[in-house]
Structure formats: structure tokens, C-alpha cells
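Please construct the entire structure, taking both the sequences and the accompanying hints into account.
There are 2 protein chains.
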Amino acid sequence: MLGNFSYCNETKIYFCDDSLKYLNDELPKYGKNVQLIYGGGSIKKNGIYDAVVDILKKNGKNVIEDAGVMPNPTVEKLNEGVKIARENKVDLLLAVGGGSCCDYAKAVAVSVNCDDDPWQKYFIRFEEPTCKILPVGCILTMAGTGSEMNGGAVISNHATNQKIGHVFGAEVMPKFSILNPKFTFSLPKRQMVAGIYDIFNHICEQYFSGTDDNTSDYLAEALMKSVIHSSLIAVENPEDYEARSNIMWSATWALNTLIAKGKTTDWMVHMLGQAVGAYTDATHGMTLAAVSLPYYRYIMPYGLAKFKRFATEVWSIDAKGKSDEQVAEEGLQTMENWMKKIGLTMNISELGATADMIEGIADKTFILTGGYKVLNRDEIINILKASL
Amino acid sequence: MLGNFSYCNETKIYFCDDSLKYLNDELPKYGKNVQLIYGGGSIKKNGIYDAVVDILKKNGKNVIEDAGVMPNPTVEKLNEGVKIARENKVDLLLAVGGGSCCDYAKAVAVSVNCDDDPWQKYFIRFEEPTCKILPVGCILTMAGTGSEMNGGAVISNHATNQKIGHVFGAEVMPKFSILNPKFTFSLPKRQMVAGIYDIFNHICEQYFSGTDDNTSDYLAEALMKSVIHSSLIAVENPEDYEARSNIMWSATWALNTLIAKGKTTDWMVHMLGQAVGAYTDATHGMTLAAVSLPYYRYIMPYGLAKFKRFATEVWSIDAKGKSDEQVAEEGLQTMENWMKKIGLTMNISELGATADMIEGIADKTFILTGGYKVLNRDEIINILKASL
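Protein sequences, first through last, are from chains D and W. Going by our numbering, the residue at position 357 of the first sequence is 357; the numbering climbs one at a time, nothing skipped. Going by our numbering, the residue at position 62 of the second sequence is 62; the numbering climbs one at a time, nothing skipped.
Hints are computed from structural coordinates only; laboratory data are not their basis. Each residue gets a CB set at the ideal place from its N, CA and C atoms; glycine is no exception. Careful, some of the hints might be misleading.
Which stretches of chain D does chain W cover? Using the computed rule of at least three CB atoms under 8 Å from a CB of chain W, they are [what the hints assert, rightly or not]:
| id | stretch |
| --- | --- |
| 1 | 17 to 23 |
| 2 | 322 to 330 |
Here are the computed lysine-lysine pairs in the DSS-like style, where the Cα-Cα straight-line distance is at most 25 Å [to be verified]:
| id | chain 1 | residue 1 | chain 2 | residue 2 |
| --- | --- | --- | --- | --- |
| 3 | W | Lys-320 | D | Lys-175 |
| 4 | D | Lys-29 | W | Lys-29 |
| 5 | W | Lys-32 | W | Lys-121 |
| 6 | W | Lys-83 | D | Lys-132 |
| 7 | W | Lys-175 | D | Lys-29 |
| 8 | W | Lys-132 | D | Lys-132 |
| 9 | W | Lys-132 | D | Lys-29 |
| 10 | W | Lys-225 | D | Lys-306 |
| 11 | W | Lys-225 | D | Lys-320 |
| 12 | D | Lys-320 | W | Lys-89 |
| 13 | W | Lys-61 | D | Lys-175 |
In C-alpha cells form, the structure reads like this:
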């Protein structure tokens with residue numbers, strides 16, 4: 001733990017099988033106009049929409065509808081949300097859904113009182129908000145992104161084939177998030193496992209960097225082990241409350257800044273996956289899964305000690321009598337077996353990527369420098385080809 | 001993860017080898033009168049006192065001295081601190097020291113605007129604050145209690161041989177805490193290892209309870225492993241920044257509510273240790289160390305599966321070909337070896353306890369019900385005798 005940092009996370013979490021009732025405790029803190037943000041309407045089928053609107057009405061709120069947030073929220077949708085918030089003098093942005101809804105709410109929150117074009121300001125120029133930020137609340141129906149307790153927002157621009165994330169500071173984090181593992185029960189299995197891999201990879205991205213010994217990496221290993229363990233139960237029985245609750249809580253802590261404290265981080269799998277997503281609009285977690293092993297196998301020699309530790313600590317590989325390379329490769333092989341077992345998509349061609357897109361995807365891949373090997377364009381192309 | 005919970009921790013942490021400068025960022029948020037709380041004066045020898053006062057003066061604050069907070073803060077001292085705060089219309093309680101100073105500051109914070117007797121209200125009747133709570137800031141010079149990011153306060157009453165803790169809610173947690181691992185370098189080795197065991201036992205108290213599979217227990221194992229690893233480095237080289245920083249950060253997370261979320265907890269080692277402390281005024285961490293193994297060996301059969309997991313996951317015991325009891329006992333034996341190696345006091349007679357005190361200590365031991373075996377008085381006496 002050599003790095004310097006500050007830590008502050010004020011998001012209040014309500015976590016239980018009946019947590020929606022706590023919305024009644026939060027609503028009185030905010031003004032009358034609530035922008036209700038949700039996606040394709042699954043919350044109307046499972047009753048969550050009615051329950052939320054009922055609580056909003058009982059608390060005397062004006063409900064301003066903002067439906068149709070897509071899995072990868074677009075610039076156009078962001079601009080629409082900003083317009084809704086401005087026209088209705090919104091006091092609270094209430095996202096009901098998964099990470100996309102929550103990300104989108106945060107992107108709207110920093111843009112409503114801002115004259116600049118949000119895409120240019122936050123996702124091209126990476127500026128920080130200088131205007132009044134609207135408060136965001138989140139009712140989570142899918143575990144994965146950790147957006148419920150962080151300041152991150154990822155927005156896609158299909159016109160330019162870009163999918164870009166901005167991690168805002170503590171002031172943009174949701175004021176409160178309501179987590180009910182039961183709300184995730186009805187999620188299609190493919191969405192569940194994509195979320196599980198998103199969680200797992202968030203941890204990997206923060207773990208596979210640096211060589212110092214620090215508490216953050218121990219915590220990362222703990223979260224990985226809990227996710228692996230519970231994922232195997234959840235794919236067999238999606239209504240296992242204990243497994244789904246562990247996955248949900250691990251997702252929150254996998255990306256609420258804690259396990260990156262005092263250390264460097266990688267995030268190249270996300271850069272590769274997001275570039276694939278910008279071309280294919282594929283499910284985020286699946287894009288990460290499809291590029292992960294080619295990437296990790298390529299960088300493994302540059303971070304061998306950490307990959308060996310990953311193998312022994314996370315995957316219980318017995319190191320006795322084996323070379324470090326053998327141990328590290330056994331770890332990745334065991335990870336691959338787990339990924340296939342839970343049903344992840346293991347290559348980008350199944351997600352709609354084709355050989356002729358590779359150059360374009362490589363061009364849209366941000367190159368970050370925190371990992372064990374700073375990739376050049378040729379290396380990115382080779383990794384993408386190996387992911388096809 | 002079956003339990004229901006809420007989570008909110010607003011304490012802002014500044015963590016680095018030069019973190020004191022961030023006091024300048026916090027002071028403008030509070031009024032003019034700052035009660036400067038510290039202990040026996042070691043901060044005057046190592047320069048921290050002068051540096052803090054300098055920053056306070058530069059920020060235009062009135063410094064109100066409140067020195068002499070003892071390792072186990074007493075009721076009399078608490079009443080004195082409340083009087084100082086009232087007479088000087090204090091706006092901020094700034095604790096500079098270890099857990100004792102920070103605990104004491106929180107106990108003052110909830111009492112200044114309260115008409116009731118604080119000892120009776122908070123430590124006998126366990127009531128919650130109903131008056132305005134003063135804000136607390138903390139500059140930490142010793143890792144151990146986690147008081148810098150929680151709502152706990154332990155106060156001793158020598159007249160009645162009682163040492164009692166009250167865990168207050170989020171509103172009593174420090175508003176900010178400044179952590180600099182270098183501030184812990186000059187601590188005598190005995191204080192350092194007592195702090196290390198305090199941290200370790202905080203984790204044990206939350207880990208050794210319940211049989212469900214939950215993320216919290218994985219995180220607890222991670223923190224234990226990090227503490228064990230770094231403790232062995234720190235006892236050899238107390239100025240190893242990496243080891244001291246890992247210990248400091250693990251201490252914060254060992255007791256800031258996270259690893260107890262969604263699960264039951266034990267806390268009987270603290271009940272036994274605090275009763276010993278009430279009789280002997282011995283160093284807190286050492287009282288915990290001295291009663292731990294007799295307690296854990298006694299309750300082990302009642303929580304065998306967890307003690308086996310503790311052995312394999314935390315102490316890397318190879319379970320192959322061994323009974324569960326053997327594995328669990330090997331874990332405790334390895335823990336005992338580690339405790340002796342870092343220099344902990346392994347029995348209460350070395351802390352000043354005598355055979356004739358046993359009955360009295362047993363009478364002052366709160367019996368809690370969250371562990372694997374609810375102890376009766378005879379069992380407590382047997383454990384204390386085995387600890388002599």
C-alpha cells in the first residue's frame with residue numbers, strides 16, 4: 001500500500017429482501033419533481049414499476065417519466081434526458097434498473113445545469129462538472145456494474161463508434177441505493193452471467209497491476225472468491241437468495257473505489273470490450289468475457305508473479321513442483337473452465353464482430369498504461385484476432 | 001448473506017505519508033473553537049502537536065487544550081472533556097492520537113448538549129443520542145481500534161470496575177480522519193503489536209459467528225491475511241512504510257461496519273478482555289490476546305466448520321487426510337505461533353490479573369449471544385482460569 005489516496009463514499013445503501021420500503025425514508029429529503037428513469041419496461045411486468053410509483057405518489061411527488069434507457073445508453077438518449085429534467089425542473093433523478101439506468105442518471109445529473117454539450121465536455125474532453133449536480137437515487141434490479149455506489153457513467157456514440165466512460169467524483173455518486181436481491185431473480189440467465197463476469201472483471205482490472213503488497217489486493221481476492229462460489233450456485237438455482245445477495249453485494253464493492261485504493265490499476269479489458277461494444281452494441285459483460293483470456297494470456301509473462309498469486313489464491317492451484325508459468329497458466333485455464341461452465345460468450349464473433357471490423361475496433365481502443373504491458377496497435381490487433 | 005442491513009459511512013479519509021496538510025481542507029467547514037484532544041504528550045515529542053497547532057492557528061482557530069486522555073479513557077476524564085467543550089462553546093473536537101483519543105472525542109461529542117449523565121445514559125442504559133452531536137475529526141497516530149471510521153466509544157469506570165463500549169450510529173462517526181502511517185513509526189513495539197492483535201481480533205469477532213456463506217466472511221479472511229503478512233514485516237522493521245500502511249488501512253476496515261454486514265457477530269473475546277481491563281487497566285490489545293486461545297479452543301467444537309475454514313483459508317493448513325478437529329486445532333496452533341512470534345502477552349497474570357480476581361472479572365463479563373456457544377458463568381471462569 002504505497003500510494004496516497006483519499007476515500008469518501010457517502011452513498012447510503014439499503015440492502016434486504018424488502019428494501020423498497022426505505023424509499024419512504026429518502027424521498028422527503030428531496031423536492032417534488034422526480035424523474036423516473038427506467039429501461040425497456042421489464043419493471044412494468046414484474047411489478048416493481050407499480051410499487052415505486054405508488055411510493056412516489058404517497059410521498060406527494062410529481063412523477064416525470066423517462067423510459068427507454070437502452071443497455072448501452074446513447075448520446076441521443078442522454079440529451080433527451082437532460083431536456084426532460086430541464087423542462088420539468090426535476091429535483092431528483094430516480095433510476096430503476098441496472099447499471100445502464102444508473103450510469104445514465106449520473107450523466108444526466110452532471111449535464112442539466114451545464115451549458116456545454118455533455119458528450120464533448122465529459123466524454124471527449126473529460127472535464128469535471130462545474131455546475132450544480134442533481135441528486136441521483138438508484139433502485140437496483142441487476143447486479144454487475146457497481147454503478148449504485150460509484151461515480152462512473154458510460155455513454156455510447158453510435159455515430160462515431162465510441163463507448164466512453166467517465167468516472168466522476170464522490171459528489172456524483174448516488175445519494176442512496178436500494179438493493180433487493182429478489183429484484184434480480186427474474187433476470188434472464190444470459191443477463192445474469194454477463195453481470196457476474198462484469199463484476200469479476202472489475203476486480204481483475206484493479207488486481208492485475210502493480211507489484212507491491214497491499215491490503216487492496218487481498219480484498220480483491222476475497223471478492224473474486226465470493227463471486228466464483230456464488231455464481232456456481234446461482235446458475236443452477238437463480239432464486240437462491242444467499243447466492244444472489246452475495247453476488248449483488250460483491251458487485252457493489254468490486255467497483256466503489258475501495259479495492260483500487262493505494263494501487264495502480266489496469267482496465268485494458270474494459271477498453272477492448274468497450275471498443276467491441278461500440279461496433280456491435282453487444283452486452284457489456286459478454287464483450288469483456290470474449291476478450292479476457294487472449295488478453296490475460298498475452299500479458300501473463302509481464303506480470304507473472306501476480307498471475308501465479310491469482311492461480312494459487314483465487315483458483316486454489318497447488319504450486320508444488322511446478323514452474324511459475326505452469327501455475328499461472330493453470331490458473332487461467334481454471335478461470336476459462338469456470339467461464340464456460342457459467343455460460344459466458346467466449347469469442348467476439350458470436351457477439352457480431354467480424355474480421356473486417358478488427359482494425360476499426362483497434363483504432364477505437366483507448367490504450368491505458370497501468371497494466372503489466374502497455375499494448376501497441378499490433379498487439380491489440382493480435383489480441384482481437386485471437387478473440388474472434 | 002442472509003441478513004438485512006443498511007450501510008452508510010460518510011467519514012472522509014485522507015491517507016498518505018503527508019496527509020496532515022489536508023487538515024487545511026477540512027477546518028474551514030467548522031467554527032472557530034477547536035478542542036484539541038490528545039494523550040500523554042508523545043505528540044509533543046515527535047512534532048505532531050506543533051504541526052497540528054500551526055495549521056489550526058493559520059486557519060484562525062481558537063485552540064482549546066484537552067490533554068491527558070489515558071489509554072482507557074475514564075468517566076472522570078469524559079466529564080472533564082464535556083465541561084471543557086461547554087465552557088468554550090466548542091465547534092469541533094479534534095482528536096490526535098490512537099483509538100482512546102478518538103473514542104473519547106466521540107463520547108464527548110454525544111454528551112456536550114445532553115443534560116443526562118453520559119455514563120448512565122450511554123454506557124449503562126445504552127440510549128441513543130437525542131441532542132445535537134458535535135463534529136469529530138481524527139488525526140491517527142496508532143493503528144488498532146478502527147475508531148477513526150466508526151461510531152464506537154469505550155469508557156472505563158474504575159469505581160465500579162467496568163469498561164463498556166457503545167457503538168453509536170453513522171452520525172457520531174468522525175467527519176474526517178487523517179491517516180499517516182509514518183505517524184505510527186515511533187510507537188513502542190509493545191503498543192504496535194497490541195494494536196495489531198486488536199485489529200486481528202476485531203476481525204475474528206465478526207468472523208466466528210454464523211454458518212451462512214457470505215461475502216463478509218471472505219473479506220474478513222482477506223483482512224486477516226493482510227494483517228498477518230504485514231505484522232511479520234513490521235515487527236522486524238517498524239519503519240517499513242508498506243507494512244505499516246497495510247496494517248493501518250486494515251485496522252480501519254476491520255471495524256468500520258463493512259465485514260459485519262448481513263451476518264451475526266460474536267464479540268465475547270472483547271467482553272472477556274474488557275472485564276480483565278477493568279480490573280487491571282492493562283493494554284486493551286494484550287487483554288484480548290491473553291484470553292483468545294482459551295476461548296477459541298473452548299468454543300471450537302461448537303463452530304467446527306468455521307474453525308476448519310479459518311485454518312485452511314487464513315493459515316493455509318493442508319486439510320488432506322486429517323479430521324476436521326485436527327485441521328481446526330492446527331489452525332489455532334499456527335495462530336498461537338504467530339501471536340508468540342510477534343510478541344503478544346499470552347496470559348492475563350502477566351497483565352496483573354490474579355486468581356482471586358477471577359470471580360470478579362467473570363461477574364463483570366457481559367455475556368453475548370452471537371457466538372457459537374453462549375457461555376455460562378462457570379464456562380467464563382474456566383476460560384479465565386485457563387488464561388492465567
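Among the hints numbered above, which are violated by the structure, and what are their numbers in rising order? 2, 3, 5, 6, 8, 12 and 13
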